[in-house]
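Enquirer: Chain by chain, the residues:
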Amino acid sequence: DAGVIQSPRHEVTEMGQEVTLRCKPISGHNSLFWYRQTMMRGLELLIYFNNNVPIDDSGMPEDRFSAKMPNASFSTLKIQPSEPRDSAVYFCASSSHAGGEQYFGPGTRLTVT
Amino acid sequence: GQQVMQIPQYQHVQEGEDFTTYCNSSTTLSNIQWYKQRPGGHPVFLIQLVKSGEVKKQKRLTFQFGEAKKNSSLHITATQTTDVGTYFCAGGTSYGKLTFGQGTILTVHP
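Quick mapping for you: the protein sequence lines, in order, are chains V and W. Under this note's numbering, the first residue of the first sequence carries the number 1, and numbering increases by one thereafter. Under this note's numbering, the first residue of the second sequence carries the number 1, and numbering increases by one thereafter.
Next comes chain V alone, as it looks inside the complex:
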């Protein structure tokens, strides 16, 4: 069974550019989570979806960040325009049910110069 799949694994971009991160959750899982990890702020929940519907987006830093889940097998996190302070590792995770264990993808390491 494939785990959570994220792409790209690494992204280097210049300030002001649009960045799109992609996630494919584990088949059959109905909860999907986007996290950001930095040394300073640790592991922060950005947004999560239940049955493709955004439930809690209170962790989204600002309007430059947006997330979509058009179907049960795909989600995107977009940053437009990107800034150097957005540099971090972005993880996607999925769960078979609300409150259950979460399976994390390998992450996308984003560097904004």
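Errors might be hidden in some of the hints.
Far from chain W by the CB rule (all over 12 Å, computed), these chain V residues [what the hints assert, rightly or not]:
{"#": "1", "residue": "Ser27"}
{"#": "2", "residue": "Lys78"}
{"#": "3", "residue": "Asp86"}
{"#": "4", "residue": "Glu101"}
Simulated restraints on C-beta separations [as the list claims (entries may be wrong)]:
{"#": "5", "chain 1": "W", "residue 1": "His75", "chain 2": "V", "residue 2": "Ala72", "range": "30 to 40 Å"}
{"#": "6", "chain 1": "W", "residue 1": "Gln14", "chain 2": "V", "residue 2": "Lys68", "range": "45 to 55 Å"}
{"#": "7", "chain 1": "V", "residue 1": "Arg9", "chain 2": "W", "residue 2": "Lys57", "range": "18 to 28 Å"}
{"#": "8", "chain 1": "W", "residue 1": "Thr62", "chain 2": "V", "residue 2": "Gln17", "range": "31 to 41 Å"}
{"#": "9", "chain 1": "V", "residue 1": "Arg41", "chain 2": "W", "residue 2": "Glu17", "range": "29 to 39 Å"}
{"#": "10", "chain 1": "V", "residue 1": "Ser96", "chain 2": "W", "residue 2": "Lys59", "range": "20 to 30 Å"}
{"#": "11", "chain 1": "W", "residue 1": "Thr81", "chain 2": "V", "residue 2": "Arg109", "range": "18 to 28 Å"}
{"#": "12", "chain 1": "W", "residue 1": "Gln14", "chain 2": "V", "residue 2": "Gly28", "range": "19 to 29 Å"}
{"#": "13", "chain 1": "W", "residue 1": "His75", "chain 2": "V", "residue 2": "Gly28", "range": "14 to 24 Å"}
{"#": "14", "chain 1": "W", "residue 1": "His12", "chain 2": "V", "residue 2": "Asn52", "range": "38 to 48 Å"}
{"#": "15", "chain 1": "V", "residue 1": "Ile5", "chain 2": "W", "residue 2": "Lys59", "range": "26 to 36 Å"}
{"#": "16", "chain 1": "W", "residue 1": "Thr82", "chain 2": "V", "residue 2": "Ser87", "range": "29 to 39 Å"}
{"#": "17", "chain 1": "W", "residue 1": "Lys56", "chain 2": "V", "residue 2": "Pro81", "range": "42 to 52 Å"}
Quick caveat, the hints were computed from the structure, so don't treat them as lab data. Every residue gets a Cβ at the ideal spot worked out from N, C-alpha and C, and that includes glycine.
Given chain V's structure and the hints, the job is docking chain W onto it.
Expert: Below, chain W without anything else, positioned relative to chain V:
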């Protein structure tokens, strides 16, 4: 909002010594989960505790959930070099949101 504090931030031990990390929540939790992240890796689920006062064991790892469901601990007996990594607790709500602690970075000297 909910806050989850975890201590210590770092722990260095000699192989064979014990290790404990503690987790405290500002609010009563529905459940608590523990994850381990190896250097350069992603968080991996270890266990979930749901009941007040619950204790669970996984080989050398012992997990406890406090009576008030606001604190938890992870204890590793006789650490090994394979235990190296960052251990996170995460406080859970009934609707699925997890708030992660800052993590405890464990290094084990052979």
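Enquirer: Hint by hint, say whether it matches the structure.
Expert: Hints and how they fare:
1. The beta carbon of Ser27 of chain V sits about 18 Å from the closest Cβ of chain W, which is more than 12 Å, so the claim that it is off the interface holds.
2. Listed as a non-interface residue, Lys78 of chain V keeps its Cβ farther than 12 Å from every Cβ of chain W; the least gap is roughly 21 Å.
3. Every CB of chain W is more than 12 Å from the CB of Asp86 of chain V (nearest about 19 Å), matching its label as outside the interface.
4. Its beta-carbon lying about 4 Å from the closest one in chain W, Glu101 of chain V breaks the requirement of being farther than 12 Å from that chain.
5. Here the CB-CB span from His75 of chain W to Ala72 of chain V is close to 39 Å, well matched to the stated 30 to 40 Å.
6. Checked against the hint of 45 to 55 Å, the pair Gln14 of chain W and Lys68 of chain V passes, with Cβ atoms roughly 49 Å apart.
7. Arg9 of chain V and Lys57 of chain W have their C-beta atoms about 36 Å apart, which leaves the hinted 18 to 28 Å range violated.
8. Look at Thr62 of chain W against Gln17 of chain V: about 48 Å separates their beta carbons, and that is not inside 31 to 41 Å.
9. A C-beta distance of roughly 30 Å is found between Arg41 of chain V and Glu17 of chain W, which places it inside the suggested range of 29 to 39 Å.
10. A hinted range of 20 to 30 Å for the beta carbons of Ser96 of chain V and Lys59 of chain W is consistent with their spacing of about 25 Å.
11. Separated by about 26 Å at the C-beta atoms, Thr81 of chain W and Arg109 of chain V satisfy the suggested range of 18 to 28 Å.
12. Look at Gln14 of chain W against Gly28 of chain V: about 44 Å separates their beta carbons, and that is not inside 19 to 29 Å.
13. Between His75 of chain W and Gly28 of chain V the beta carbons are some 34 Å apart, a value that contradicts the proposed interval 14 to 24 Å.
14. Distance hint for His12 of chain W and Asn52 of chain V: a CB-CB separation of about 45 Å, consistent with the stated range 38 to 48 Å.
15. For the pair Ile5 of chain V and Lys59 of chain W, the beta carbons lie near 30 Å from each other, so the given range of 26 to 36 Å is met.
16. Against the hinted window of 29 to 39 Å, the Cβ-Cβ separation of Thr82 of chain W and Ser87 of chain V comes to about 31 Å, which satisfies the hint.
17. Checked against the hint of 42 to 52 Å, the pair Lys56 of chain W and Pro81 of chain V passes, with Cβ atoms roughly 46 Å apart.
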